[in-house]
Structures are given as C-alpha cells and as structure tokens.
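Asker: Here are the chains, one letter per residue:
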Amino acid sequence: MRPDISVPLAEAADMRLEYFQLLDAIVELAPDEGRIATEALVPDESTVFEGHFPGYPLMPGVLLIETMAQTCGTMVMALNKFERLPLLVGVKNAKLRRFVEPRTLILGRGALEHDGSGYAVAKGELRAIIDGKEERVANAELTYTLIPWPREDLKDFMLSLISDLQKTPSRQQAAS
Amino acid sequence: MASTFDTVADIIADTCDIERGSIKADSHVIDDLGIDSLDFLDVVFAVDKAFGIKIPHEKWTEEINEGNAKPEDYFVLENLVARIDELVAAKPA
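Just so you know, the sequences run in chain order A and B.
Residue numbers for the first sequence follow the numbering used here, beginning at 1 and rising by one.
Residue numbers for the second sequence follow the numbering used here, beginning at 1 and rising by one.
I should point out that these hints are in silico values taken from the structure, not numbers from a laboratory.
Check before you lean on any hint, since a few could be wrong.
Computed list of lysine-lysine pairs in DSS-like fashion (alpha-carbon distance at most 30 Å, straight line) [to be verified]:
#	chain 1	residue 1	chain 2	residue 2
1	B	54	A	81
2	B	24	B	91
3	A	167	A	81
4	B	91	B	49
5	A	123	B	59
6	B	24	A	92
7	B	24	B	49
8	A	123	B	54
9	B	59	B	49
10	B	24	A	81
11	A	133	A	92
12	B	70	A	155
13	B	70	B	49
14	A	92	A	81
15	A	81	B	49
16	B	59	A	81
17	B	54	A	155
18	A	81	A	155
19	B	59	B	91
20	A	95	B	24
21	A	133	A	81
22	A	92	B	49
23	B	49	A	123
24	B	91	B	70
25	B	70	B	24
26	A	167	A	133
27	A	155	A	123
28	A	123	B	91
29	B	54	A	92
30	B	70	B	54
31	A	123	A	95
32	B	54	B	91
33	A	155	A	92
34	B	59	A	92
35	A	133	A	95
36	B	59	B	70
37	A	155	A	133
38	A	155	A	167
39	B	24	B	59
40	B	49	A	95
Throw the hints in and build the complete structure from the sequences for me.
Answerer: If you want it as structure tokens, here you go:
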C-alpha cells in the first residue's frame, strides 16, 4: 500500500517533528544566487521530547541536521526547477554547537557549494536567538543526489508545501 | 605543476582512504580500488572543484546503462584522466 501523502499542512506553524516537517517559513529563496533562508520555531511539546529527554526536552541533533538538509534541499529543488527530488546522501563536517530547547526560533541558511551533474553540494547553517543574541547553532556540508520524482503527486505535495512556506510571514521580521 | 593523473589519484586517495601507491593508471576505480557510487560522487565533486569543470556523471552512467559505452571508458583511471583533460580543454577561456 502506498503511503498517504495528504498529510495536512501545519496551520501557522511550529515545526512538526513527528512529520519531519521542520521548516515553518521560507524567508528567501534565490536558487540562481545559490541562497535560501528559512525559519522554524521549535514546538513546546512533541512526542520526540518525551524520550529526548524525559523532563529535559532538547532538539535531537539529527533533527537539526535534517532542518539544514530541508533548508538546502529546498534550494537545490528550486535550482533544478522542481524537476527532480534531491535526496540527502552525505553529511560532512557537521557541528552541533548549541543545545536547542523548545520555543527557540531557528534561522536556517543555505548556500550552494556546487551544482554538479545529478548531484549538488550545499553548506547549511542554523542560527538561533538565544538570550536575545543570535548564535550559531549548527553547520554542515550536505550532498544530495537528484532522482526523478517517484510519484507525480509527491511533486505536487512538495510544490504546495513550499508555496505555503513562502507565504508564511517571518517571525523574526515580525519581532523586529 | 601536478599532472591530471597525480591530482586525481591524490583526490581518490584522500577521499576514499586508499593508499596512494596502489592507485595506478590502469586501475579500475570500482573493480580494483573498490570505490562505491557514493565515494565516486565525492571524487567527482572534488575533481569538479579542482579543475573547474562539471563531469557529466549522469550522461556517462546513462551511456553505460544503455550499452553505448563500456564501464572501463570512464572508470579505468587513465581513461577517466583523458576525459577530464577533454573537459578542461573544452572549458570556455
């Protein structure tokens, strides 16, 4: 049986860790300049936090890497005019610099490193506002292989998701 | 200046953790050096960057899969180096 991909999109936002929906907003998408900026607010509650860790909720490092991967992957998808699906195949020089707690606003940044034949390499970075100061939280070099869309409705779903994320207002800009 | 072969062999040694001395002109990157597709992608990335080219990795794979080229045309090191030299020569000045 094929999976149901008609998962309802988040209404107004916070990351949905259980659905791997880790971006709340696309603030800037400039694929031709090899650049993207995203935002994500770590939710207050999630089943993920029930185990990581009981009574001491922290964003798992792998989800921070996935947040960078989704940020840069969106840029790579746009760079290829949404004709193919980028899949993460390599994570290098990953550094997780800060512990990230619920209600932290994460600012994602992606920069294209190389647009190869059938693959792409990008540098991802997460920053966060911690105690009123913008701090670097994580960074990594990410490699993607590009595959044909396995399902046409998956492409439609991704296009719709990205379109919604581009319409979502920036929390950081609203706060400043 | 290092030859194309030396540069590519150094990249393979670094990227795939293979002893530099075992990399010869007639080495087959898959059959002799045991490089898998993901490691080869890393090699392609490093070669693209070192030479300022874009190895048509997908086109090569397609040609091999369709029987229009033999794997050794691209995966034996001296042939790979020749293809890289062609791509470098074809670069816009």
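Asker: Each hint needs a verdict: does it hold in this structure or not?
Answerer: Comparing the hints with the structure gives:
1. A hinted pair counts as satisfied when its Cα atoms are at most 30 Å apart, and residue 54 of chain B with residue 81 of chain A qualifies at roughly 19 Å.
2. Between residue 24 of chain B and residue 91 of chain B the alpha-carbon distance is near 27 Å, which keeps this suggested pair within the 30 Å criterion.
3. The straight-line distance between the Cα atoms of residue 167 of chain A and residue 81 of chain A is roughly 19 Å, inside the 30 Å bound, and the hint therefore holds.
4. Note on residue 91 of chain B and residue 49 of chain B: the hinted pairing holds, with a Cα-Cα distance of about 13 Å set against a maximum of 30 Å.
5. For a cut-off of 30 Å, the pair hint linking residue 123 of chain A to residue 59 of chain B stands: about 26 Å separates their Cα positions.
6. A threshold of 30 Å between alpha carbons decides the hint, and for residue 24 of chain B with residue 92 of chain A the separation of about 28 Å falls inside it, so the pair holds.
7. At most 30 Å may separate the alpha-carbon atoms for a hinted pair to count; residue 24 of chain B and residue 49 of chain B meet this at roughly 22 Å.
8. Only pairs whose Cα atoms come within 30 Å are accepted, and residue 123 of chain A paired with residue 54 of chain B is accepted, the gap being roughly 19 Å.
9. A threshold of 30 Å between alpha carbons decides the hint, and for residue 59 of chain B with residue 49 of chain B the separation of about 19 Å falls inside it, so the pair holds.
10. Under the criterion of a C-alpha separation no larger than 30 Å, the hint pairing residue 24 of chain B with residue 81 of chain A is inconsistent with the structure, at around 40 Å.
11. Simply put, residue 133 of chain A and residue 92 of chain A have alpha-carbon atoms about 27 Å apart, close enough for the 30 Å limit, and the pair holds.
12. Proximity of residue 70 of chain B to residue 155 of chain A is assessed by CA-CA distance (about 34 Å); at most 30 Å being required, the pair is judged violated.
13. Simply put, residue 70 of chain B and residue 49 of chain B have alpha-carbon atoms about 26 Å apart, close enough for the 30 Å limit, and the pair holds.
14. Of the pairs offered as hints, the one joining residue 92 of chain A and residue 81 of chain A holds, with about 26 Å between alpha carbons and a cut-off of 30 Å not exceeded.
15. Distance hint between residue 81 of chain A and residue 49 of chain B is fulfilled; the C-alpha atoms sit about 23 Å from each other, no more than 30 Å.
16. Distance check on the hinted pair: residue 59 of chain B and residue 81 of chain A sit about 19 Å apart at the alpha-carbon level, within 30 Å; holds.
17. For a cut-off of 30 Å, the pair hint linking residue 54 of chain B to residue 155 of chain A stands: about 27 Å separates their Cα positions.
18. Between residue 81 of chain A and residue 155 of chain A, the direct Cα distance comes to roughly 11 Å. Compliance with the 30 Å bound is thereby established for this hinted pair.
19. Among the hinted pairs, residue 59 of chain B with residue 91 of chain B is consistent with the structure: their alpha-carbon atoms are about 18 Å apart, no more than 30 Å.
20. For the suggested pair residue 95 of chain A and residue 24 of chain B, the alpha carbons sit about 36 Å apart, so the restraint of at most 30 Å is broken.
21. With a CA separation close to 36 Å, the supplied pair residue 133 of chain A and residue 81 of chain A exceeds the 30 Å bound.
22. Under the criterion of a C-alpha separation no larger than 30 Å, the hint pairing residue 92 of chain A with residue 49 of chain B is consistent with the structure, at around 16 Å.
23. A threshold of 30 Å between alpha carbons decides the hint, and for residue 49 of chain B with residue 123 of chain A the separation of about 15 Å falls inside it, so the pair holds.
24. At most 30 Å may separate the alpha-carbon atoms for a hinted pair to count; residue 91 of chain B and residue 70 of chain B meet this at roughly 25 Å.
25. Restraint check: the Cα-Cα separation between residue 70 of chain B and residue 24 of chain B comes to about 19 Å, which is no more than 30 Å; the hinted pair holds.
26. Among the hinted pairs, residue 167 of chain A with residue 133 of chain A is consistent with the structure: their alpha-carbon atoms are about 26 Å apart, no more than 30 Å.
27. Restraint check for residue 155 of chain A and residue 123 of chain A: satisfied, since their Cα atoms lie roughly 24 Å apart, inside the 30 Å limit.
28. A distance of roughly 26 Å separates the Cα atoms of residue 123 of chain A and residue 91 of chain B; the hinted pair therefore holds under the 30 Å criterion.
29. About 21 Å separates the Cα atoms of residue 54 of chain B and residue 92 of chain A, which keeps this hinted pair within 30 Å; it holds.
30. Of the pairs offered as hints, the one joining residue 70 of chain B and residue 54 of chain B holds, with about 21 Å between alpha carbons and a cut-off of 30 Å not exceeded.
31. Distance hint between residue 123 of chain A and residue 95 of chain A is fulfilled; the C-alpha atoms sit about 12 Å from each other, no more than 30 Å.
32. The straight-line distance between the Cα atoms of residue 54 of chain B and residue 91 of chain B is roughly 10 Å, inside the 30 Å bound, and the hint therefore holds.
33. At most 30 Å may separate the alpha-carbon atoms for a hinted pair to count; residue 155 of chain A and residue 92 of chain A meet this at roughly 27 Å.
34. Distance restraint check for residue 59 of chain B and residue 92 of chain A: the Cα-Cα separation of roughly 26 Å lies within the 30 Å cut-off, and the hinted pair is therefore satisfied.
35. Proposed proximity of residue 133 of chain A and residue 95 of chain A is supported: the alpha carbons are some 19 Å apart, at most 30 Å.
36. Among the hinted pairs, residue 59 of chain B with residue 70 of chain B is consistent with the structure: their alpha-carbon atoms are about 13 Å apart, no more than 30 Å.
37. Taking the CA atoms of residue 155 of chain A and residue 133 of chain A, the gap is near 38 Å; set against the 30 Å cutoff, the hint is violated.
38. Taking the CA atoms of residue 155 of chain A and residue 167 of chain A, the gap is near 18 Å; set against the 30 Å cutoff, the hint holds.
39. Restraint check: the Cα-Cα separation between residue 24 of chain B and residue 59 of chain B comes to about 25 Å, which is no more than 30 Å; the hinted pair holds.
40. In summary, the hint linking residue 49 of chain B to residue 95 of chain A is supported, as the alpha carbons are separated by about 23 Å, within the 30 Å threshold.
Hints 10, 12, 20, 21 and 37 from the earlier list are contradicted by this structure; the remaining hints agree with it.
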